[in-house]
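Starting from the structure of chain A, add chain B where the hints point.
If you read the protein sequences in the order shown, they are chains A and B.
The opening residue of the first sequence carries number 1 in this note's numbering; numbering runs sequentially from there.
The opening residue of the second sequence carries number 1 in this note's numbering; numbering runs sequentially from there.
For the record, the hints were derived by calculation from the structure and aren't laboratory data.
Taking lysine-lysine pairs in the DSS-like style, the calculated list, with each CA pair at most 27 Å apart, reads:
1) A:LYS19 / B:LYS79
2) B:LYS3 / A:LYS19
3) A:LYS12 / A:LYS70
4) A:LYS70 / A:LYS13
5) A:LYS19 / B:LYS72
6) B:LYS79 / B:LYS92
7) A:LYS13 / B:LYS72
8) B:LYS3 / A:LYS13
9) A:LYS8 / A:LYS43
10) B:LYS79 / B:LYS3
11) B:LYS3 / B:LYS72
12) A:LYS43 / A:LYS12
13) A:LYS12 / B:LYS72
14) A:LYS12 / B:LYS3
15) A:LYS19 / A:LYS8
16) B:LYS3 / B:LYS92
17) A:LYS19 / A:LYS70
18) B:LYS3 / A:LYS8
19) A:LYS13 / A:LYS43
20) A:LYS8 / B:LYS72
21) A:LYS43 / B:LYS72
Reference listing, derived: stretches of chain A covered by chain B, where coverage requires no fewer than 3 residues with Cβ under 8 Å from a Cβ of chain B:
22) 16 to 27
23) 30 to 44
24) 47 to 54
25) 59 to 69
Here a beta-carbon is modelled for each residue, glycine too, at the ideal position from N, C-alpha and C.
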Amino acid sequence: MNTEQYIKEILKKVDVNRKTRRRLREDLTEAVEARLAAGENLKEIITAMGEPTAVAAEIQENYPSRRRTKPELGLLAATLAAGGWFVVSGISAINQLLQQLAIKMLPDNAMVLYSYTMRDMPGSNYASSMGIIGGADGPTTIYTTTLFMPAQYAPLVLSLLIAVACGLAYWLLRRRKQA
Amino acid sequence: MRKGLLELVILQLVSQADTHGYELITAIAERSGGTVQLREGTLYPILYRLEDEGLVQSAWAQLEEGRAKPKKQYSITPKGREALESMRAQWKSFSLFVNNVLEEGEL
Numbered sequence: 001m002n003t004e005q006y007i008k009e010i011l012k013k014v015d016v017n018r019k020t021r022r023r024l025r026e027d028l029t030e031a032v033e034a035r036l037a038a039g040e041n042l043k044e045i046i047t048a049m050g051e052p053t054a055v056a057a058e059i060q061e062n063y064p065s066r067r068r069t070k071p072e073l074g075l076l077a078a079t080l081a082a083g084g085w086f087v088v089s090g091i092s093a094i095n096q097l098l099q100q101l102a103i104k105m106l107p108d109n110a111m112v113l114y115s116y117t118m119r120d121m122p123g124s125n126y127a128s129s130m131g132i133i134g135g136a137d138g139p140t141t142i143y144t145t146t147l148f149m150p151a152q153y154a155p156l157v158l159s160l161l162i163a164v165a166c167g168l169a170y171w172l173l174r175r176r177k178q179a
Numbered sequence: 001m002r003k004g005l006l007e008l009v010i011l012q013l014v015s016q017a018d019t020h021g022y023e024l025i026t027a028i029a030e031r032s033g034g035t036v037q038l039r040e041g042t043l044y045p046i047l048y049r050l051e052d053e054g055l056v057q058s059a060w061a062q063l064e065e066g067r068a069k070p071k072k073q074y075s076i077t078p079k080g081r082e083a084l085e086s087m088r089a090q091w092k093s094f095s096l097f098v099n100n101v102l103e104e105g106e107l
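Pulled out of the complex, with its shape left as it was, chain A reads as follows (with noise of 0.2 Å):
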């Protein structure tokens, strides 16, 4: 075991927030490093200082457990089945708009193009094909339009105000855990 190990099997056994670790990672840091300048080798220090087990319990001592309750791991498995969601969703429902965009453009294109190869091929299958598209696709624009208003965006909305909410309470919970 060197230095480095050592310290890292201490601070693997406490359960102390990220300021508390950071200084303890540079406090035993040097710990060590002033007790190998007095000339112990590090199986004595080890030995004054205890092996990582026993400092890390004399340090957890001071600090209660952090270890996430039930209604902790409750709250934050929502926050994240929430939150997932709604971007999952979110991503399919910004996709849905933007092919709307996109249809909504389609007939006045389809029509210069209907009228276009109309002019050029007169009788041709393709043309009238262009047609179809173009007269179909117009109503549908209308009506999806219409359809994807504010209802739909409800469950959206919704996911989104759970994930806050949850992810707000567990953060709030945890919070005063900190030590």
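Frame of chain A; chain B shown alone:
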């Protein structure tokens, strides 16, 4: 009780000179004639508590010659000096009382 007293002892030692962790451990071992072997796992949480209460502060000392890394030094704050004064007064009167009770018992 031991932790509270250690807090007082550490605050007193820090007030006498800016120190780092290892110096505190050796100072306590020396002054107690080796009967109080404070270990790092106990010392640092006490220092952090004092620091969080604003009674001591830590700073990285200037690089000394022959040392690869700077040392983290703890020093007392004005608030710490005030707290130390009242803790000392409390301890003096309390230890007097405890000693009186114990001496009465011996008679």
